[in-house]
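Number of protein chains: 2
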Amino acid sequence: VTAVRGLADRVRRGEPRALARAITLVENETAEGRALVGELYAAGAAAIVIGVTGPPGAGKSTLVDGLIVQARRAGRSVGVLAIDPSSIFTGGAVLGDRIRMGAHAGDPGVFIRSMATRGQLGGLSSAASDAAVLLAAAGREVVIVETVGVGQDEVDVADTADVTVVVLVPGTGDEVQAIKAGIMEIADIFVVNKADREGADRLVQAVEMALSLHAAPAGEEHPPVLRTVATDGTGVDALWAAILSSAQSDRPGGETRQRRRQERRLRRLVTDTVRRRLEVAIGKTELDTMVARMLAREIDPHAAADALVEIGLRRTASLGVAPAERRTHGE
Amino acid sequence: VTAVRGLADRVRRGEPRALARAITLVENETAEGRALVGELYAAGAAAIVIGVTGPPGAGKSTLVDGLIVQARRAGRSVGVLAIDPSSIFTGGAVLGDRIRMGAHAGDPGVFIRSMATRGQLGGLSSAASDAAVLLAAAGREVVIVETVGVGQDEVDVADTADVTVVVLVPGTGDEVQAIKAGIMEIADIFVVNKADREGADRLVQAVEMALSLHAAPAGEEHPPVLRTVATDGTGVDALWAAILSSAQSDRPGGETRQRRRQERRLRRLVTDTVRRRLEVAIGKTELDTMVARMLAREIDPHAAADALVEIGLRRTASLGVAPAERRTHGE
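Taken in sequence, the protein lines are chains W and P.
Heads up, the first sequence is in my numbering, so the first residue is 25 and it goes up one at a time.
Heads up, the second sequence is in my numbering, so the first residue is 25 and it goes up one at a time.
In short, the hints are calculated from the structure, not lab data.
What you are looking at is a predicted structure, and each value in this text was computed from that prediction instead of being measured.
One or more hints might be untrue.
Since the list gives no way to pick out one identical chain from another, each pair is judged satisfied if it fits inside one copy or across any two copies.
As the list claims (entries may be wrong) - List of simulated lysine to aspartate or glutamate pairs, EDC-like, C-alpha gap at most 20 angstroms:
hint	residue 1	residue 2
1	K308	E39
2	K308	D296
3	K308	E334
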């Protein structure tokens, strides 16, 4: 506990090495990491957290670079979390990060950190949320969380952000790119990047049409659809202005939106917490036996799950809070 | 219960309308749907379930068409589940399905069905698994489950399949396309489609290199990397042969792989079941209060989740199995 307090103090003072260590602790989902988030959660209220997501090749990294420049010009310090989907082809993302590090090297106002999934899909959103809390507590006034793709992971990460920017790109078949329904929910701002390319107008129209078909929630506005050419900076200032405007919590529906995101995050954490407890409560032998019965077609998967849940809940309830968790989450 | 038995009998006899209705029941996650799966789980043991996944535009639909032709030539009946990611741009997927339906119209040996996420991300894998059980029970000897993308949803759906084919395509930056680490785990066969395009050799090499860096689990082989040109049928017969070979459960590591997939599926169902129960047990007021405290920064998300889990588990344990669940899953 003392070690955690000490590290929390150093994070609060904005020490880069302490921040880096703290992020590793939440990335690895350790008890210390959770305790840090508990210590530092209140300290990060002032930061703007910006989520940037979109399909691979949409130019997100270049756009984020442009946003960093805008934020620095406005005198704000920046923290960037680049969520690396652990490509099996390791060339792309890592090299890209190196280049970006270089562009802002020597500027203590910019802190860039990659977070990887380390072979596990899902479960990254909680670590990314926690890391954003740490960056905010360390005094980063603008925190940018960059993710690749538009799947469940990205929707989850978006719940961490005050403002989520969804980046699309013309000419690569974005119209049929698997833009799932959830994307309509997470986007506060749509950006058509590489807007000097053929097909940009068509893509803007397609997005606007799709938006017009969706009713905006009561009291909320449809997200704007902006155009940028990140490589030469075109439209990035307008994007920055739109982000600042969207981040104002007194804008129409702003509070409702924050509440909805926090509620989704809380629901996910509740599920994660219970899953972890059940994994302790249900023995490996019981699980293996049930799988064997499923393979032999003696029991169907739903009935097998129900049986294990019964066992797990009975044990979990009688155990109460595990000692390790008390230590971690206690005041 | 009688209605479910009657419908189950009709599904077992392979009646297409009964099958369509049964799939709708599992798609909507109804109690009747689950009861049907319980009734029919044992009946589907003989079918081969093939998963086909990959990024949008990889030519999966055309490849699946080729596999249907191969299966029909071998005298086997086919059921196809096309998982529609509910694109906000509704043009693509739906139109594609119509065309495919046309190609096999009038052949009672081919049953094609789209399943949509209806605005909800995630949660589709369980419905897809259940639908595959129904198709198998209806006597479809080959069941193909086609999904778009390489995210968590697709990994989950792959756990349903006996053989999973991951389709990639050269020249669209596949090397940096977000192929997440989980893909190495799910692929039994890699296919480089549109193999007559420039960059096909490079992509095959990149995949083979990535595979060589990953140690195959003990007693298991690395997945083969095949080439196809689905539009003219090149390589599809070799793919079909590789699928049949991979589906043999006595191949090296085959049983271990099945066990691992069933275990993952069971773990997911356990989590889903508990989440549903907690959602009933935790009142909306309690959830809202906790969200308000999070927004006021009075409590951090982990501590809030722990508190709700305590409340939920206490109530769930004292309630025992809910009457509705008893009705659904009882013998």
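Hints, one by one, checked against the model:
1. Taking CA atoms no more than 20 angstroms apart as the test, K308 paired with E39 passes in neither setting, with 43 angstroms inside one copy and 40 angstroms between copies.
2. In this assembly of identical chains, the alpha carbons of K308 and D296 lie at most 20 angstroms apart whether taken from the same copy (19 angstroms) or from different copies (19 angstroms).
3. Taking the closest pair of Cα atoms, K308 and E334 come within 20 angstroms of each other only inside a single copy of the chain (15 angstroms); across copies the shortest separation is 24 angstroms, beyond that limit.
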